[in-house]
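Those protein sequence lines, which keep their order, are chains F and R. Going left to right, the first sequence walks through residues 0 to 414 as numbering that gives the first Met the number 0 numbers them. Going left to right, the second sequence walks through residues 0 to 82 as numbering that gives the first Met the number 0 numbers them.
No lab work stands behind these hints, which were simulated from the structure alone. Among the hints, erroneous ones may be present.
[As the list claims (entries may be wrong)] Computed cross-link-like contacts, EDC-like style, restricted to lysine to aspartate or glutamate with a CA-CA straight-line distance of at most 20 Å:
hint: 1; chain 1: F; residue 1: K411; chain 2: F; residue 2: E391
hint: 2; chain 1: R; residue 1: K53; chain 2: F; residue 2: E124
hint: 3; chain 1: F; residue 1: K65; chain 2: R; residue 2: D25
hint: 4; chain 1: F; residue 1: K125; chain 2: R; residue 2: D60
hint: 5; chain 1: R; residue 1: K22; chain 2: F; residue 2: E66
hint: 6; chain 1: F; residue 1: K155; chain 2: F; residue 2: E99
hint: 7; chain 1: F; residue 1: K125; chain 2: R; residue 2: D55
hint: 8; chain 1: F; residue 1: K65; chain 2: R; residue 2: E45
The chain contents come next:
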Amino acid sequence: MSTRRVVITGMGVLSPLGIGVHDNWRRVCAGESGIGAITRFDASAYPTRIAGEVRDFDATRWIAKKEQRQMDLFIQYAVAAAAMAVEDAGLQAAPPADPERYGVFVGAGLGGITTLEATMLSLQEKGPRHGISPYFVPAIIVNLAAGQISIRHGCKGPNLSHVSACSTGAHSIGEAFRTIAHDDADVMIAGGTESTVTPLGIGGFCSSRALSGRNDAPTKASRPFSASRDGFVLSEGCGILVLEELGHARARGARILGEIVGYGLTGDAYHITMPPPTGEGAQRCMRMALRDGKLQPEQIGYINAHGTSTGADAIETQAIRAVFGAHADRLAVSSTKSMHGHLLGAAGGLEAAISILALRDGILPPTINLDDPDPACDLDYVPHVARHVQVEYAMSNSFGFGGTNACLVFRKAEN
Amino acid sequence: MSIDRATIERDVTAIICEQLDVKTEDVSAGKSFNDDLGADSLAIVELVLALEEKFDLKIPDDEVDTIKTVGDAINYIAEKKKH
Numbered sequence: 000m001s002t003r004r005v006v007i008t009g010m011g012v013l014s015p016l017g018i019g020v021h022d023n024w025r026r027v028c029a030g031e032s033g034i035g036a037i038t039r040f041d042a043s044a045y046p047t048r049i050a051g052e053v054r055d056f057d058a059t060r061w062i063a064k065k066e067q068r069q070m071d072l073f074i075q076y077a078v079a080a081a082a083m084a085v086e087d088a089g090l091q092a093a094p095p096a097d098p099e100r101y102g103v104f105v106g107a108g109l110g111g112i113t114t115l116e117a118t119m120l121s122l123q124e125k126g127p128r129h130g131i132s133p134y135f136v137p138a139i140i141v142n143l144a145a146g147q148i149s150i151r152h153g154c155k156g157p158n159l160s161h162v163s164a165c166s167t168g169a170h171s172i173g174e175a176f177r178t179i180a181h182d183d184a185d186v187m188i189a190g191g192t193e194s195t196v197t198p199l200g201i202g203g204f205c206s207s208r209a210l211s212g213r214n215d216a217p218t219k220a221s222r223p224f225s226a227s228r229d230g231f232v233l234s235e236g237c238g239i240l241v242l243e244e245l246g247h248a249r250a251r252g253a254r255i256l257g258e259i260v261g262y263g264l265t266g267d268a269y270h271i272t273m274p275p276p277t278g279e280g281a282q283r284c285m286r287m288a289l290r291d292g293k294l295q296p297e298q299i300g301y302i303n304a305h306g307t308s309t310g311a312d313a314i315e316t317q318a319i320r321a322v323f324g325a326h327a328d329r330l331a332v333s334s335t336k337s338m339h340g341h342l343l344g345a346a347g348g349l350e351a352a353i354s355i356l357a358l359r360d361g362i363l364p365p366t367i368n369l370d371d372p373d374p375a376c377d378l379d380y381v382p383h384v385a386r387h388v389q390v391e392y393a394m395s396n397s398f399g400f401g402g403t404n405a406c407l408v409f410r411k412a413e414n
Numbered sequence: 000m001s002i003d004r005a006t007i008e009r010d011v012t013a014i015i016c017e018q019l020d021v022k023t024e025d026v027s028a029g030k031s032f033n034d035d036l037g038a039d040s041l042a043i044v045e046l047v048l049a050l051e052e053k054f055d056l057k058i059p060d061d062e063v064d065t066i067k068t069v070g071d072a073i074n075y076i077a078e079k080k081k082h
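Take the sequences, apply the hints, and build the full model.
Here is the structure:
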């Protein structure tokens with residue numbers, strides 16, 4: 000089979016750092032935090048009262064008022080980010096001339112938990128006839144993110160929503176890459192979306208003791224690789240890419256932002272929430288992505304780490320050392336979750352976009368709040384400030400509950 | 000409790016505008032929910048539930064199928080509220 004190369008021609012993101020690629024990238028390069036006090040609900044009774052909320056989201060920019068009732072917030076974010084990505088790619092004319100060659104892979108970790116919670120309350124108050132909207136099911140199910148996007152942009156090709164917790168966004172992009180390489184589509188809108196800053200979302204992760212309790216210093220709370228890290232900061236948002244077969248992109252004169260060259264996916268077969276102590280599943284995942292891209296470890300210049308600001312940061316560090324050997328001391332690794340927090344199912348989408356921008360602009364984003372490095376975390380994490388370095392290949396890691404790992408490798412666009 | 004027809008017309012129109020995101024001037028007795036006002040089957044269910052809440056009545060599913068236009072809805076409610 001001839002190799003079909005896959006490039007990125009558009010990106011759309013929403014995160015606590017802002018709406019759109021421009022604001023997100025500017026603030027990531029500036030080392031700013033988007034974390035703050037929870038405003039969505041009264042969190043005063045919860046041990047964690049901080050989160051990364053998307054601010055100033057005006058859904059009516061993308062979605063008519065009556066249609067907003069048909070979509071949980073995670074779907075609204077996906078529709079908005081997809082519209083931004085499609086416009087960014089110069090594909091705004093819908094439907095496409097060859098709609099069966101356009102597909103959508105957009106997943107979420109949890110789905111419509113905001114609507115689920117509100118509906119359970121209205122059910123108790125008003126009973127089953129008036130307490131449950133006829134739109135309840137299509138508003139909450141995960142695959143309606145991909146469904147809504149396909150309807151809006153006329154994409155009649157492959158349509159799936161992968162669900163793999165915090166690896167969702169990366170898996171979606173990796174699977175889209177393969178779908179194009181396999182000649183099942185020419186253009187894929189792919190990524191992850193999430194909106195779980197709710198009583199159950201925050202409360203659930205509080206109960207599993209996963210969240211930072213640094214309520215008095217929200218911008219300092221996400222501190223990957225530091226000795227004083229005390230859990231991740233739950234965030235929300237969406238990251239969506241337009242992936243396109245290289246010849247298809249060139250034929251329409253599209254601007255090419257970067258290329259995706261490698262994808263790995265593995266399972267830990269170990270524990271429901273913890274990685275194995277050696278990170279062997281992550282190691283195999285990174286190796287698979289390198290092999291997929293026909294790359295040597297020494298060719299990677301930057302890794303956007305999973306780095307959640309939990310104990311697992313040391314395990315990821317160990318896994319990187321195992322895969323990269325002596326080169327581990329020469330490559331740059333950063334966790335941009337230090338700034339935008341952990342977007343769960345959307346994390347891989349946003350972080351893929353950041354990795355591509357790092358290659359495009361030759362700017363490696365920092366790990367902020369790394370004031371007191373953990374001795375067990377001893378790589379070059381680009382502490383505090385962004386670094387101007389031209390890099391050819393970047394890797395983005397995502398690891399999820401259930402022991403599900405995804406690793407993507409991007410290459411700087413050829414000029 | 001009986002309500003006068005003008006009140007019913009006004010309240011039904013307001014609910015239709017709210018639920019279907021249409022303008023008051025686009026709502027008249029002859030307008031079909033599906034063909035003229037852009038309501039799919041789920042939107043009609045939602046509209047019926049809103050009317051039930053507003054007028055404190057229950058519209059059985061088989062009778063919902065007879066309500067196709069704005070006028071049908073007004074007539075149905077006026078009939079139910081006559082007694």
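Now for the hints, and whether the structure bears them out:
1. F:K411 / F:E391: The hint holds at about 5 Å.
2. R:K53 / F:E124: Between K53 of chain R and E124 of chain F the Cα gap is close to 16 Å, so the pair holds against 20 Å.
3. F:K65 / R:D25: 16 Å, holds
4. F:K125 / R:D60: 19 Å, holds
5. R:K22 / F:E66: 16 Å, holds
6. F:K155 / F:E99: 4 Å, holds
7. F:K125 / R:D55: 13 Å, holds
8. F:K65 / R:E45: Given pair K65 of chain F, E45 of chain R holds - Cα atoms ~11 Å apart, limit 20 Å.
In summary, the structure agrees with every hint in the numbered list given earlier.
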